[in-house]
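Sequences are here, hints too, so could you generate the full structure?
Protein chains in written order, with this note's numbering: chain A, 1 to 610; chain B, 1 to 292.
Source of the hints: derived by calculation from the structure; they are not laboratory data.
Honestly, I wouldn't trust all of these hints.
[Said to hold, decoys possible] List of simulated lysine-lysine pairs, DSSO-like, C-alpha gap at most 30 Å:
1. A:K483 <-> A:K471
2. B:K82 <-> A:K486
3. B:K82 <-> A:K178
4. A:K142 <-> B:K192
5. A:K88 <-> B:K192
6. A:K142 <-> B:K194
7. A:K404 <-> A:K142
8. B:K246 <-> A:K142
9. B:K194 <-> A:K483
10. B:K286 <-> A:K142
11. A:K142 <-> A:K188
12. A:K88 <-> B:K194
13. A:K502 <-> A:K486
[Claimed, not checked] Some, not all, of what chain A presents toward chain B, calculated at C-beta under 10 Å:
14. K88
15. G106
16. G129
17. V209
18. R525
19. F527
[What the hints assert, rightly or not] Partial pick of chain B residues on the chain A-facing surface, computed with a CB cut under 8 Å:
20. D62
21. T100
22. C107
23. Q185
24. V193
25. D233
26. R235
The structure displayed is predicted, hence computed values, not measured ones.
Where a beta carbon is used, it is the ideal one built from N, C-alpha and C, also for glycine.
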Amino acid sequence: MYEHDVIVVGAGGAGLRAAIAAHEEGADVALVTKLHPVRSHTGAAEGGINAAIRDGDSWEDHAYDTMKGSDYLGDAPAIETLCQDSPKETIQLEHWGMAFSREEDGSVSQRPFGGLSFPRTTYAGAETGHHLLHTMYEQVVKRGIQVYDEWYVSRLAVTNHDDPTERDCHGVIAYDIKSGEVQGFTAKNGVILATGGLGQVFDHTTNAVANTGDGAAMAYRAGVPLEDMEFIQFHPTTLPSTGVLISEGVRGEGGILYNSEGERFMFEHGYANNEGELASRDVVARAELTEVNNGRGVNDEYVHLDMRHLGEERITDRLENILHLAEDFEGVNALEEPMPVKPGQHYAMGGVETDENGETCISGLYAAGECACVSVHGANRLGGNALPELIVFGARAGRHAAGKDLGEPEITTGKTEDSELGQVDTPVEPGAVGTPEDAVADGGTAVTEPSQTVETALEAERARVENLIEKDEGVQQAELRAKLQKSMTQNVNVFRNEDGLKQALRDIRDVREEFENVYVNDPSRTFNTDLIHTIEMRNLIDLAEAITLGALARDEFRGAHWRQEHQERRDENWLKHTLLSWNNGTPELWFKPSILEGAEKKYEPKIRSY
Amino acid sequence: MSTQVPEKAESETESETEPERTETPGDRRRAEKRARQQESTEVQETTETEEESIHLKVFRYDPEIEGKMEPRFDDFHVPFTKGMTVLDALMLARDRFDTTLTFRHSCRQAICGSDALFINGTQRLGCKTQISDLEEPVRVEPLPHAEVVKDLVVDMEHFYDQMHAVEPYFQTNEAPSDELQEQHQTRENREKVKMSTRCIWCGACMSSCNIAAGDNEYLGPAALNKAFRFAMDEREGEDMREHRFKILDQEHGVWRCQTQFSCTNVCPKDIPLTEHIQELKRSAVKNNLKFW
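Next comes the structure, spelled out in structure tokens:
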């Protein structure tokens, strides 16, 4: 059994920042991560960090752009916090030595990005995330923060009071990948989930193979609501064969999209007459697929992104990494030919419901970064807003968990009396199969004694691992994962309709039932990746279901969420967040209004035009 | 999608099938699994003939499992598709034929650095290596000069220790006190350190270095490159530069490098490691001259 003040789960951008912040507040911090920190997927972020650090720009303008980009589903207190804190957090990275690209005078460079009214995307080549991740890991090393690398957190230790808002999180249970040992970690102050994306729910994604949404799924089963899960961002420019990301920076620098007829379709077919290629991501992704569906795609699958006209010097200076990606993963020399691109799953706007301090409705449980939904991205995330989210809310969660008073948050969490209950007609019964013991919170059996919580959860987890390994036959996770991913990509993609969503729910149900018979073929305790993938698979099922249920409930068209039968943004009904709670093993749907009241002004919903 | 099985499933598991002593549940399960595999091979063999497949020879070892304690190579035949990388092939082999096959991987776009392997005798990233560029059978082994944990997974602790030994973090006494004031860096200086910042800690260079293999204390190319990244950063200041050279200018530091270029040759991020180490040597000499 290990004990620390603050335990951070996941060591990408948000986790590292949270750990540093908590450490600076004097807490004894541990980072527990299933990869080594430098292997985290934050390293793959390319574009940059939006921060209003220049004359002529202001955090208010950044907030306005973000609110508009979110299609008025972001919460103003969260968005304003993001935009106010981002400049100092970005300069903090600079003070930690991050190798930002530089202007002639030695100041950090900024460039234009989609949906931004000012070129405020601060960047380090086309590998900003790599620099950010390494810079922060360096600071973790400098401070001597304890890192448990290749330890897979597979269960939260949460008390099991009937009302989730009365539950407490006392720690986590993790599996030492190298030795196979399952151990309890007690957190005296709090647990911060920073486990990143869930792209593995889909089969064409820019996300790493490790991005299986573990934190979000565990929090969900422990009783924390998942918020706005239907909003999945599909990035318009991913390589068709692998899903590898081609940064929006290419379009920011002037890259042009062409269809198979050589038309610059963003303009010529009227998708975004003003912004063209730099319209918001959802707009560009739909435009590309519409071109393909109308027979103007290249090889009926993708479109072309051309940056040759930028010239070798500029490309090498600012987008060199893109040349390597196009060459290594698609065999294309982007100096001589256009790159094939198509939309791919990229980012989950939704996630664990938190307030501006990163806290959830369960006392002592926090979330930050992509796994969280503090609601800064709403229905559509602007490029360059993910990295500031990591550092801003990672730092806040870390400080708050370590005991610093950050003031009363304006965003409420957990189900309250004001919550509006929702109903959605599903073709199958969603949620846990039968009433197995894991229908209750991930904490395990009914434990309300803090001292026993971690121990009880540890026993439950040891039993689960034992069962999976000892089981001799059944179905293997790889088969189920492929089935799930395929259905999600087919039915819950950029374009959605009711039949497809219902089909996805049926498929998810099938997979869930089959998962009852899952077994781990590898009997070894040493580095058993088969076991880890199997535990991850359960998380993918729960998250896929949450995404699909949210998408079915929201019968309107907002941001990244497009519905064939509902082509209007319906502000009168839908200026509200969808929430899903898993309290008795059956997802419950409810809503809460989005907050458009900022500190100084109210954001009036306007039609988003680009 | 057609389902493929290894054309020679027998050879894949040959070394294990006979001497089975069903002592542990693991052994028993493995035996059953093999039986199932053979069965399905017989069913499939007649139907799949045309599809092009590639032949992988993959190193296997597990300290816990009776049949795998003795290192061996398993053969996998996986269907080939254009653009396929070694990592793609390994994942296919694992997901379809043997889920116990173990290797690290995550981003599959050459940035997480977790799948450095010894492929056809060279250190490379599995995700970045096109199958079509390789001669068959494609031999996949764990990184040499590192302890094998299981199959293709090696212990990275020593590598991390060496990285940490060079104080791999920015240190300056001249940081602005104002939280919004930038600490300027010239474009030229950024350009100077740019390549060194690309390191993804994959360990390929360390594994390829003969000197590192024979001298456990040698900092090695990756750590020296990390040191270069900070030593050459003008923002750190002169005092810190001297401090850094104290770490580098010692017996197991820069002087161990014998300019064999193997690190530079294998670096998947094209970092001129050897050149960086030479430059550190030159600077160390100049520093020492100055002190006299």
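Taking the hints in turn, this is what the structure says about them:
1. A:K483 <-> A:K471: Holds, at roughly 22 Å.
2. B:K82 <-> A:K486: It holds: about 21 Å lies between the C-alpha atoms, which stays within 30 Å.
3. B:K82 <-> A:K178: Not OK: B:K82 and A:K178 at ~34 Å, beyond 30 Å, violated.
4. A:K142 <-> B:K192: holds (24 Å)
5. A:K88 <-> B:K192: holds (27 Å)
6. A:K142 <-> B:K194: holds (22 Å)
7. A:K404 <-> A:K142: holds (22 Å)
8. B:K246 <-> A:K142: holds (18 Å)
9. B:K194 <-> A:K483: Violated, at about 43 Å.
10. B:K286 <-> A:K142: Status holds; Cα separation ~28 Å.
11. A:K142 <-> A:K188: Holds. A:K142 to A:K188 sits at ~24 Å (cutoff 30 Å).
12. A:K88 <-> B:K194: holds (24 Å)
13. A:K502 <-> A:K486: The hint holds at about 15 Å.
14. K88: holds (5 Å)
15. G106: Result: holds, 3 Å to nearest chain B Cβ.
16. G129: With a closest approach of 8 Å, the A:G129 hint holds.
17. V209: Holds - the Cβ of A:V209 comes within 10 Å of chain B, reaching about 5 Å at its closest.
18. R525: Holds - the Cβ of A:R525 comes within 10 Å of chain B, reaching about 6 Å at its closest.
19. F527: This hint holds: A:F527 lies near chain B, its Cβ roughly 4 Å from the closest one there, short of 10 Å.
20. D62: Holds. Min distance 5 Å.
21. T100: holds (4 Å)
22. C107: OK, holds: B:C107 within 8 Å of chain A, min 4 Å.
23. Q185: For B:Q185, the interface hint holds, since the closest Cβ of chain A sits about 6 Å away, which is under 8 Å.
24. V193: holds (6 Å)
25. D233: Interface hint status for B:D233: holds (7 Å vs cutoff 8 Å).
26. R235: holds (7 Å)
The earlier numbered hints that this structure contradicts are 3 and 9.
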